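Protein sequence lines correspond, in order, to chains A and B. For the first sequence, the positions run 1 to 514 when the numbering used here is used. For the second sequence, the positions run 1 to 122 when the numbering used here is used.
Bear in mind the hints are in silico, worked out from the structure with no lab data behind them. All figures in this text were calculated on a predicted structure; none of them were measured in a lab. C-beta: ideal position from N, C-alpha, C; glycine also. Among the hints, a few may not be true.
[To be verified] From the structure, some residues in chain A lie toward chain B, with a derived Cβ separation under 7 Å: (1) 264; (2) 281; (3) 282; (4) 293.
[Unchecked claim] Computed list of chain A residues with no C-beta within reach of chain B, every gap over 12 Å: (5) 33; (6) 58; (7) 101; (8) 274; (9) 276; (10) 277; (11) 297; (12) 315; (13) 363.
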Amino acid sequence: MKIEPGQVIDALPGLIWTALPEGNVDFFNQRWCEYTGVATGDVGDHGWQRWIHGDDLPGFLERWRKILASRELGGMEARLRRFDGAYRWFLFRVHPSIDASQRLAGWYGIAVDIDDRRREEEVLRASERELRQLFDYVPGMIAVADSKGQHEYANKRCCDYTDRTVEGGRGLGFLEDIHPDERELVRSEWLRCVALEQSMVIEHRLKRFDGVYRWFHVLVEPLIDDRGQIVRWYGLLTDIDDRKQTEAALGTVRSELTHMARVASLGALTASIAHEVNQPLSGIITNAGTCLRMLTSNPANIEGARDTAQRMIRDSHRASDVISRLRALFGKDEVTAELVNLNEAAQDVISLLLSELQRSHVILRREFATDLPPVLGDRIQLQQVILNLLLNASDAMSAVDDRPRKLVIRTERDAENRVRLTVQDAGMGLEQTTAERMFDAFYTTKRDGMGIGLSISRSIIESHRGQLWATANDGPGATFSFSIPALADAKVAANEGTASRSAGAGPRHVLRAS
Amino acid sequence: MGDQPLVCVVDDDESVRESLPDLIREFGFQVRAYSSAEDFLASGCTAHAHCLVLDMCMPGMSGLDLQRELARRNEDIPIVFITAHKDAAVRPRFSERGPVQCLLKPFSDTALLKALRGALAS
């Protein structure tokens, strides 16, 4: 294919011109003339400048002068006026023409329409501006970190809260605003989550501009691209300080109520306790009298006196054991977590209750599972629940005279690896309306009850990640049961229960980059 | 020994059955101990006992149940009740024979001796 040089110049997809060494334009191609609407051959001296957008012209000319002085190729972007008056962005490229004797012979120039690309860039810039604005106006605190976990941006609310500039918290600088008590935990947890590419959930205190620390719930999730690479991390900080304070106040009220309930059940046990202590005391007094008589008789019965003294020691221990059990059950308020064997815990309660049950003509049957796994929890609180259920069951049968006052306490392991304790009575049973309300605080059907026992029992069991429920028996009476996770599961539950870490156990949440 | 009066102790608490007979023996009486009212009735001792030291509160037949059963059988044995419960409502004050001895645990050796002598004299 044979093409004339003139045809090539007009066929190229660009506006082409040439200029003399000092910069005066001496040629425009056909496309230039068609675009600008100037007559072919109308070159003028610097007439072309009128087609450059006024805003772009000073920069354009400065660049053009530098290229002329350097005698090297160069380029610049500017808007060029079309024949109809519309401006479009062009990329201007200029190339020096050097002749055989290395002298500058002139310049070749080409301008390519880049208007569409410029518009796309403009849209991108605008959307980024909008995103930042959105971040700033979202009623929450947002922080962004790069793929390596280095903090790079915080929204306006974040900056307003901490009184830091966006730059101030860069890298790991944001850690300085975290309360010293949680700082190290947050730092190590954050680095761990970044390394494992897991989202992070954590609670910590953050210093406000005025120096006050407030509690925040922080959720950080990775943004992941199509290839599965983490692009950046987004963190949402939620102020939960008010909630924390309410929780603390509720906790205080609950422990006070728990204490009240415990004191109330202590009152119900007074007669039983007196009896339990009286039995060995009575033995001691009898043995002491016998001992003295044996020693003072003639001849003295030393052998018999020794036996009675030994019985006194044994009975004293018996009395002191009762006191120890009482002190264990009623003497402390702080909550602890330990391994608890429900059989043993229940047996201790029963020991204190036996004579009370006997006095109420209750026949108690124990059906304890022999292979019961331990649970993790507060032994005293659990014993309080058991005590409450047994006393309720006994009370429910106080008016029963036409059948045995049979009480069954049973422990077992259920199919879901939970330990269940059941207390079954033969009392007055449940009425539908009662069944629905009896776990409410201050609801009671007893004349002398406060109505907080079952409500507190349920909250204790729920704090052990368990359930407490009641069912009506086939025959007379009702059955109350609670179940809590056996140890293997209880360990996990305990970890989740602590305030700050759940990243390891929970499902991995990610944001997907589209 | 055969002339000494026989005192029978009926109490479900083992430590009482250990300690009380020794003391009563020191007083100079013969003693036998039983862990329940049923055991005592089945022992055949009812005709020989001069006095009964009887716990009021026992599983199964209570002290008062035994008192009634003995009355029904016309077994005329004076009774010293012992109890750990202060509950006055269930304490027997009188029987057909007059005032009934009732000791509240814990009681002293002299209180028991006085009660036994009173019961045996009636």
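Hint-by-hint comparison with the structure:
1. Against a cut-off of 7 Å between C-beta atoms, the interface hint on residue 264 of chain A is violated, since the closest Cβ of chain B lies about 21 Å away.
2. This hint holds: residue 281 of chain A has a C-beta 5 Å from the nearest C-beta of chain B, less than the 7 Å allowed.
3. Of the supplied interface hints, the one on residue 282 of chain A holds, with its beta-carbon coming within about 4 Å of a beta-carbon of chain B, less than 7 Å.
4. Hint on residue 293 of chain A holds. Least Cβ distance to chain B is approximately 4 Å, under the 7 Å limit.
5. At the 12 Å boundary, the C-beta of residue 33 of chain A stays outside the reach of chain B, the nearest C-beta of that chain being 122 Å off.
6. For residue 58 of chain A, the requirement that its beta carbon stay farther than 12 Å from each beta carbon of chain B is met, with the minimum near 110 Å.
7. Residue placement check: residue 101 of chain A keeps its beta carbon more than 12 Å from all beta carbons of chain B (closest about 132 Å).
8. Look at residue 274 of chain A: its CB is around 8 Å from the nearest CB on chain B, not clear of 12 Å, so calling it non-interface is violated.
9. A cut-off of 12 Å between C-beta atoms contradicts the statement that residue 276 of chain A is not in contact with chain B; the least separation is 9 Å.
10. Distance check for residue 277 of chain A against chain B: the nearest CB is about 9 Å away, which does not clear 12 Å, and the non-interface claim fails.
11. Not every Cβ of chain B is farther than 12 Å from the Cβ of residue 297 of chain A; the closest lies at roughly 7 Å, contradicting the non-interface assignment.
12. The claim that residue 315 of chain A is not at the interface with chain B is violated, since a C-beta of that chain comes within 12 Å of its own (minimum 6 Å).
13. Distance check on residue 363 of chain A: its Cβ comes as close as 8 Å (rounded) to a Cβ of chain B, failing to clear the 12 Å threshold; non-interface status is violated.
Taken one by one, the earlier hints fail for this structure at numbers 1, 8, 9, 10, 11, 12, 13, listed in ascending order.
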